[in-house]
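J.: Here the protein sequences line up with chains H and W, keeping their order. The first sequence begins at 1 in this note's numbering and counts up by one. The second sequence begins at 1 in this note's numbering and counts up by one.
Bear in mind the hints are in silico, worked out from the structure with no lab data behind them. Mixed in with the good hints there might be a few duds.
Each pair may be met inside one copy or between any two copies, as identical chains are not told apart.
[Claimed, not checked] 30 Å max Cα-Cα, derived DSBU-like pairs, lysine-lysine:
#1 Lys725 x Lys740
#2 Lys319 x Lys95
#3 Lys11 x Lys366
#4 Lys740 x Lys293
#5 Lys625 x Lys401
Number of protein chains: 2
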Amino acid sequence: MASSTEEVAAKSISPYGIARSTISEQPLSAEELRKTDAYFRASMYLCLGMLYLRKNPLLTTPLTTSDLKARLLGHWGSDAGQSFTWIHFNRLIKKYDLNALFISGPGHGAPAVLSNSYLEGVYSEVYPDITRNEEGMRRFFRQFSFPGGIGSHCTPETPGSVHEGGELGYSISHAFGTVFDNPDLISLTVVGDGEAETGPLATSWHSTKFLNPITDGAVLPVLHLNGYKINNPTILARISHRELEALFVGYGWTPYFVEGSDLESMHQAMASTLEHCVMEIQKYQKQARDSGKAFRPFWPMIILRSPKGWTAPRKVDGKLLEGYWRAHQIPIPDVATNPAHLKVLEDWMKSYKPEEIFDKEGQLIKELAELSPEGTARMSANPVGNGGVLRKALNIPDFRKYALLKIEPGVSLLPSMSNMALFLKDVVAQNMTNFRVFGPDETESNKLGGIYGAGKKVWMGEYFEEDEDGGNLAFEGRVMEMLSEHTCEGWLEGYLLSGRHGLLNSYEPFIHVIDSMVNQHCKWIEKCLEVSWREKVSSLNILLTATVWRQDHNGFTHQDPGFLDVVANKSPDIVRIYLPPDGNCLLSVTDHCLKSVNYVNVIVADKQDHIQFLDMEAAIEHCSKGVGIWDFASTDQGSEPDVVMASCGDVPTHESLAATALLREHIPSLRIRFVNVVDLFKLIAEVDHPHGMSDAQYTSIFTSDKPIIFNFHSYPFLVHRLTYKRPGQTNIHVRGYNEKGNIDTPLELAIRNKTDRYSLAMDVIDRVPGLKVKEAGVRELLLNEQTRMKNYAFEEGIDPQEIRDWTWPSEKSA
Amino acid sequence: MASSTEEVAAKSISPYGIARSTISEQPLSAEELRKTDAYFRASMYLCLGMLYLRKNPLLTTPLTTSDLKARLLGHWGSDAGQSFTWIHFNRLIKKYDLNALFISGPGHGAPAVLSNSYLEGVYSEVYPDITRNEEGMRRFFRQFSFPGGIGSHCTPETPGSVHEGGELGYSISHAFGTVFDNPDLISLTVVGDGEAETGPLATSWHSTKFLNPITDGAVLPVLHLNGYKINNPTILARISHRELEALFVGYGWTPYFVEGSDLESMHQAMASTLEHCVMEIQKYQKQARDSGKAFRPFWPMIILRSPKGWTAPRKVDGKLLEGYWRAHQIPIPDVATNPAHLKVLEDWMKSYKPEEIFDKEGQLIKELAELSPEGTARMSANPVGNGGVLRKALNIPDFRKYALLKIEPGVSLLPSMSNMALFLKDVVAQNMTNFRVFGPDETESNKLGGIYGAGKKVWMGEYFEEDEDGGNLAFEGRVMEMLSEHTCEGWLEGYLLSGRHGLLNSYEPFIHVIDSMVNQHCKWIEKCLEVSWREKVSSLNILLTATVWRQDHNGFTHQDPGFLDVVANKSPDIVRIYLPPDGNCLLSVTDHCLKSVNYVNVIVADKQDHIQFLDMEAAIEHCSKGVGIWDFASTDQGSEPDVVMASCGDVPTHESLAATALLREHIPSLRIRFVNVVDLFKLIAEVDHPHGMSDAQYTSIFTSDKPIIFNFHSYPFLVHRLTYKRPGQTNIHVRGYNEKGNIDTPLELAIRNKTDRYSLAMDVIDRVPGLKVKEAGVRELLLNEQTRMKNYAFEEGIDPQEIRDWTWPSEKSA
C-alpha cells in the first residue's frame with residue numbers, strides 16, 4: 001500500500017449499472033429471484049403509499065388529488081436500500097434460524113422498516129386496527145407522518161425498533177449495546193452515509209475492540225452509500241474505492257461491496273454477500289467458542305452503493321430525481337397542483353404492479369407472505385426490540401452492608417466513592433451477564449477502580465506484557481472504557497433498551513459532550529410511556545464526579561455543572577436528579593436508581609475523601625424524604641429559626657456546615673435551621689414533578705418568611721427556576737457556581753463564587769434583619785479570616801489545613 | 001488488500017527501540033544532532049521543573065523537599081513527544097522560512113508548549129517578570145498549575161495557543177479553521193491518541209475534502225501514539241500496523257511513521273520525516289497554484305509512536321513508569337514523603353544536564369538559543385495565535401438596503417430568512433477571503449441557499465456529472481457543509497480565533513450536539529478578557545432555525561429549544577441571545593452580531609414565510625432597545641393596562657398577537673399592553689448582565705402589579721430564572737415549550753404546550769381579576785373554537801386556513 005505512488009485521490013464510482021460485488025455467487029434460483037423482487041416491490045409500493053395516500057390505497061381507481069394527503073411529509077431517499085437489506089436478511093434468518101434485530105441508522109427511512117413490519121404481519125398484530133387488507137392499508141398509509149399518527153423515523157411506536165435516528169450518529173454504538181452479552185444475536189445495522197459523517201458514528205466503528213466473540217453477539221453493518229444528504233453529496237460516496245476500503249480495514253472490519261442499480265444482479269449480489277457475511281460471523285464465533293479463546297477478527301461488513309431514491313423515476317421534467325439529493329424527502333412534491341406530475345406518480349406506483357403482489361382484499365399474496373420468517377424470528381417482532389419484556393431485575397446485595405460505620409456527623413472523614421465501588425463491585429459480581437459499567441477512561445480516576453475486582457475492563461485490542469502491571473484488562477470484562485462519551489453512552493443505551501442494566505460514570509464537566517444523546521434518550525423513554533406494548537426498561541444511570549468544586553486545579557475548562565439544567569428541561573415523568581451529601585446517602589441513592597425503571601437518573605458526588613454526616617439509618621430516612629432538617633447542625637429546636645442554612649451537594653454542604661459552625665461560635669444566640677436537599681426535584685411544586693413537595697411541606701422546612709441561604713452545587717439559577725412559585729421565594733438567596741474560576745485551590749474557587757464558609761456566614765449577617773449593624777464586628781472578623789486564608793492558599797498553592805481538614809466541632813470539643 | 005487472507009487482527013508494535021520510520025534519511029550532522037538533543041533536554045528539564053519545583057530551579061544545591069511545590073499538579077505523559085515535534089519543526093521553519101502555528105491536541109501537555117515558548121524567548125517578551133534567568137525560571141516553574149498562575153493546558157495565557165484542549169476532540173477541526181484562506185500557513189497539529197478516540201476528532205480527519213491547496217494553507221497532523229490515556233491503553237496504539245496505515249489512507253492522508261525510543265535515531269527519523277512532509281505540502285501547493293487547478297492530494301501526516309512519558313525512568317520501585325499510563329500526570333507523586341523517590345527525581349532531572357544547557361545565570365546557552373527561529377517565525381509568537389491582531393473589520397453592506405418593504409404590521413406575510421440570505425450573500429461577496437458560512441448540510445433547507453449566489457459550497461471530494469444540476473459545489477466556495485456539527489463548529493472556531501469572521505447555521509434541535517464545544521469557546525473568550533495581550537476576535541454567531549414550533553411534523557426528537565439554557569449559564573460578559581420577531585428585526589440583529597467582537601451570539605428565527613410586524617425604522621429602534629411596547633397591538637394607550645401580553649420569539653409573537661386580536665374582538669373593553677422582547681437578557685437585572693434593565697425600566701414596560709401572559713419561544717423556566725427578582729414576578733405567567741410533542745400540526749403542537757392563541761386568550765381571562773366569572777361565555781367560546789380547529793387539523797393533517805393564514809385585523813377590515 002505504497003501511498004506515495006498514488007498521490008492524488010482517485011475516482012469514486014457511479015451507483016449505476018450491473019452489480020459489482022466482492023462476492024459474486026448467484027444463490028437465488030429464478031423463482032426465488034422473482035419472488036424476492038416482488039416482495040421488494042410490495043415494500044416499495046407501501047413506502048410510496050405512506051408518503052402520498054390517504055385513500056385508494058390499492059389504486060383500484062385512477063389516482064386523483066382527493067386520494068392525496070393534504071400535507072405531504074416523509075422521506076423516500078433511503079427506503080429502497082434499507083428495505084432491500086431487510087428482505088434479503090429474511091431469507092437468511094429462515095435458512096439459518098438466526099436471531100436478528102434490524103437497526104435503521106438513517107432514521108428518516110422509517111417507511112422501509114414500517115413496510116416490512118406490515119408485510120410480515122407484525123404491525124397488524126401490534127396494532128389490530130391496521131389490518132392486512134385494503135382498509136388496514138389505507139389506515140396504515142394515512143397515519144404516517146400525520147397528526148395523531150406515527151413519525152417518519154423509527155419512533156417507539158415502530159415494532160422492533162430500539163433506535164429512532166432522529167438525531168444521527170448512534171446506530172453502531174446502539175447496535176453494539178444490544179449484542180453485548182447476547183451471544184446469539186446479530187444486529188443488522190444500516191448506517192446512512194450522512195450519519196457516517198457525524199463524529200459519534202465515525203468513532204463508533206472502533207467498537208469491535210470491545211466485542212468478545214464468545215460472550216457477545218455480532219453487529220453486521222451495512223453502510224448505505226446513498227450518495228446524498230439533504231442537499232449535498234456525502235463524503236464517503238465521493239472518495240476512491242481504495243480509500244473507502246482502506247478506511248474500513250483501518251477501523252478493523254472486512255468490507256464487502258455491493259454496488260449498482262440493476263435489480264436482478266443486485267438481488268443476487270446482496271443475497272450472496274449477506275450470506276457470506278453471516279457465514280463469516282458464525283465461523284469466527286464457532287472458532288472462538290469451540291476453542292474457548294477469544295480473539296478479534298476483522299468482522300464482516302457491507303458497503304451497499306445504490307442510487308438515492310432507488311426505483312424512483314430517474315428524472316422528472318428533465319431534473320434528476322433518482323440518484324440525486326432531490327429524492328431525499330417527498331420525491332415529487334407538487335402532485336396536488338400539477339396533473340402531469342400526478343400522472344408520473346400514478347405510473348410510478350403502478351410500476352410496482354400492486355395487483356400482482358396484493359390480492360383483491362389487499363392482502364399480500366401467499367407465495368410472498370411465505371418469504372418472511374415467523375413469530376419472533378421476524379425482525380420487527382424480535383423481543384430485543386422491546387427489551388423491557390426480556391428485562392430481569394438486578395440481583396442487588398443489601399446496600400446497608402456497605403455502610404460507612406461509626407459516623408460522627410460532620411466529623412468523620414471517609415471516602416464516599418471508593419466505598420461505593422465495593423457495592424458496585426458486588427452488583428457486578430452478582431449480575432455477570434446483566435450489568436455493565438461504562439466510562440470514558442475515568443473509572444479508576446473516579447475512585448471506582450474497586451469494581452475491577454469483580455469485572456475488569458473489556459479489551460479486545462492487542463495485549464502488551466506491561467498490561468500485567470495493573471492493567472486490569474480482560475477479554476471478558478464488565479467495565480467498558482473508551483475515550484468517547486458518545487460511544488459509552490450509545491453502548492449503554494443499546495444495552496438498556498435490549499433489557500439489561502448499567503451505569504455510566506463521567507467527569508462532570510465533560511458530560512455536556514453527550515447532552516444531546518441524553519436528551520434524545522429522555523424523549524425515547526418518555527414516548528414509550530404512550531406506547532402500550534412497550535415494557536419499561538432499566539433507568540439510564542449517570543454518575544457524575546470530578547465535580548466543579550474539585551476542579552480548581554484543572555481550571556476553568558473543567559468547571560461546568562450545567563448538565564443538570566439540560567436534564568431539568570426534560571419531562572418530569574422521566575428525569576431524577578440526586579445530590580447525596582455523603583457516602584451513606586450515595587449508597588442509598590445509587591441502590592434506588594439501580595432498581596428503578598424508565599428514568600434518567602443523575603447522581604452528583606465528590607470522589608475525594610469527604611466529611612460524612614449521616615449513619616446508614618439516618619441516610620436512608622433522609623434520602624427517602626429527599627430533603628430534611630439536620631438537627632445536629634440546627635439551633636432552632638422548638639422555635640422559629642432566624643435563618644435557614646440550606647445546602648444541596650456534598651461540597652456545598654460541607655461549606656454550609658462550616659459556615660453554621662462559624663455563626664454558632666461568633667453569634668451563639670442566632671437560631672439556625674440546617675436543611676439539606678438530596679433530591680433536587682423536591683424543591684419544585686408537586687404539580688410540576690412527581691417528587692415535588694406541596695407548599696405546606698415546603699414551608700414547614702424552609703419557612704415562608706425567613707432568609708434562606710442556599711448553597712447549591714450547580715448554577716444558582718436552577719434553584720430559582722425550581723422555587724420561583726414558592727411562598728417566600730424572595731427570601732431565597734442562592735449561592736452556587738457562577739462561572740468564576742481559574743487555576744485555584746478549592747477555597748479560592750469557592751470564594752470567587754461566594755460559596756465558601758466565610759461568604760455564607762457573611763450572607764447570613766447581611767440577610768437576617770438587624771444583624772448587619774449589630775454584628776458588624778463579627779462580619780469584619782470573618783472577612784479578615786477569609787482574606788488570611790485566601791492569601792495563604794495563594795502563597796502556598798494549597799488550602800490551609802484548617803480549611804482542608806475542617807470538621808464540625810464535636811460535642812467533646814464544643 | 002485482500003482482507004480475507006488475514007482474518008484475525010495482527011499485532012501492534014512496541015514503542016521501544018531504534019527508530020523505525022518511513023523516511024530513513026539522516027539529515028542532521030553530528031553537530032546538529034548534538035545541539036538538537038541538548039535543546040530537547042532543555043525543554044524536558046523545564047517541563048519537569050514546572051511539575052515539581054518552586055525553588056532551586058537550576059538544582060544548584062541538592063534537591064530538598066522545601067524546593068517542592070506543596071501540591072504537585074500537571075501532566076508529564078505527552079510532553080516529550082510534543083516538544084520533540086516542536087523542536088524539529090523549528091529547524092524547518094528556519095530552513096524554509098515557514099509560517100507555522102503549533103496546535104497541541106493533548107492539551108494536558110502544556111509544559112511542552114510552555115517550555116518551548118520560554119526557550120525561544122517569547123514567554124519573557126509577553127510576561128516580562130518571567131525573565132530568562134534563574135529567578136525568571138523559578139517564577140516560571142512556580143506559576144505552573146499554581147493558584148493565580150497558569151493551567152496545565154494551553155490556556156489563553158499561553159503565547160501562540162488557539163486551542164486549549166481541556167475538553168478533547170477539536171485539534172484537527174480547529175487547525176483546519178486556522179488555515180482556511182491562509183494559504184501560507186502550516187498548522188502543525190499534535191493529536192493525542194486519547195483524543196483520537198473521541199467522535200469529533202474521528203470525523204474531523206475528513207476535513208481534507210474541504211481544503212483547497214490554492215487558497216488555503218495546510219494542516220500537518222502528528223498523531224502521537226503515546227500508547228495510554230489516564231488508565232487505559234489507546235485503541236490506535238493497539239491495532240496492527242496494517243490497520244493503522246489503512247485507516248489514515250482511508251481518511252485520505254499519506255501516513256508516515258516515526259516509531260521508537262532511541263533518541264539519536266529518533267532525532268534523525270523525525271527530522272527527515274518532517275522535512276519530507278513539508279516538501280510534499282509545498283509540492284502539492286506549487287502544483288495546484290502553478291496550474292491554477294485545485295485537487296485533493298493525499299496530504300502527508302506523521303504517526304509518531306514514542307513511549308508515554310518518554311525520557312522518564314522506565315521503572316520506579318519495580319513498577320513501570322515510562323511507557324505506561326503511570327506517566328500520565330505527576331510521574332512520581334510521593335517525592336515529598338519518600339526520600340528515595342526524591343533522589344530518583346533529582347537524578348532524573350540532572351540526567352538532562354542542566355549545567356550544560358543553561359549558563360550560570362540560568363539562560364539557555366547561545367548555541368542552543370540560536371536553534372529557534374526569530375521574531376514572529378517562532379511558533380509561540382505567530383500572530384495567528386492571537387488572531388485579534390490580524391482581524392480586519394468586515395466590509396458589510398448597509399442592511400437597511402435589504403429591508404422588507406411596505407410592512408403592514410401583523411398582516412404582511414414574507415420570508416424573513418430567505419430575505420436575510422440576500423444580505424448574507426452580499427456579506428460573502430464583499431469579504432471573499434475573510435468570511436465563511438458554516439452549516440451541517442442544512443443551509444439550503446434553512447432557506448439560506450441564496451448565499452450560494454456569491455459563494456458556493458466548498459467541495460474537494462469527487463465531482464459527478466449530476467452536480468451540474470443544481471449542486472452548487474465548487475473548489476473555491478464560501479459555504480462549508482459537512483454533516484458534523486462538531487466539525488463545522490470547530491472549523492468556525494479556528495477561523496475566528498485566527499482573526500476572521502463567520503456564521504454557523506443549524507437546525508435548533510441538534511445544536512445540542514455541540515453544547516460542550518460552545519461552552520468551551522465561551523470559556524476561552526471569557527478568559528481572554530483577562531489576558532492583556534490578547535486582542536478581541538470576531539464573535540461566534542450561531543443562527544438557529546427549523547425551530548421547535550415548526551418541527552411539528554418531524555416530531556418529538558426535533559423539538560428542543562434548550563440550547564438557550566446552556567448558553568445562559570455562561571458569563572454575561574460573553575453571551576447574547578436574540579429572538580427577532582420578524583424579518584427586519586432579523587436583519588438588524590444579524591448586522592449587529594456580525595460587527596461585534598468576543599461574544600457568542602445566538603439568533604433564533606423561523607425559516608418559513610412569516611408574518612411581519614415592523615418596518616425597518618421601527619425594527620432598528622426595537623432591536624436597539626431590545627424590548628418594547630407595540631402600540632399597534634396595544635389598547636392601553638394613556639392608561640394602565642389590565643394585562644400585559646408579552647412575547648419573545650417569532651412564532652410565539654404571532655400567537656400572542658392572534659390572542660390579542662381574539663380578546664379585542666370578544667372583550668373590547670379590556671386594556672391590553674403588547675410587549676415584545678428581542679434581546680433576552682433585557683429581562684434580567686442590570687447588575688447581572690450588561691444588557692439588563694433596571695427595575696424602573698422593567699416595571700415601566702411590564703408593570704409591577706398586572707398579570708403578564710408571556711409567550712416564550714423556549715422552555716418557560718428560562719424566563720422565570722431571568723425575572724425571579726423582578727417586582728411583580730409572581731404575576732408573570734409564562735407559556736413555552738413544555739416537552740409536549742409528537743407528530744402534530746403547528747396548531748396542535750402549540751395547543752399541547754398551551755402556547756396557541758386560544759390558550760393564551762383563556763389565560764388572560766383566567767388571570768385578570770374578575771374576568772373569569774364575567775367572561776365565562778367568551779372563555780367557553782374560545783375553548784370550543786380551539787377544539788374545532790384542533791379536530792380539523794387532526795382530520796385533515798394540516799392546520800385550518802384561518803390558523804395558517806391568520807393576520808392581524810387591519811384598519812380596513814376592523
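J.: Among all the numbered hints in the text so far, which are the ones the structure does not match?
T.: 2, 3, 4
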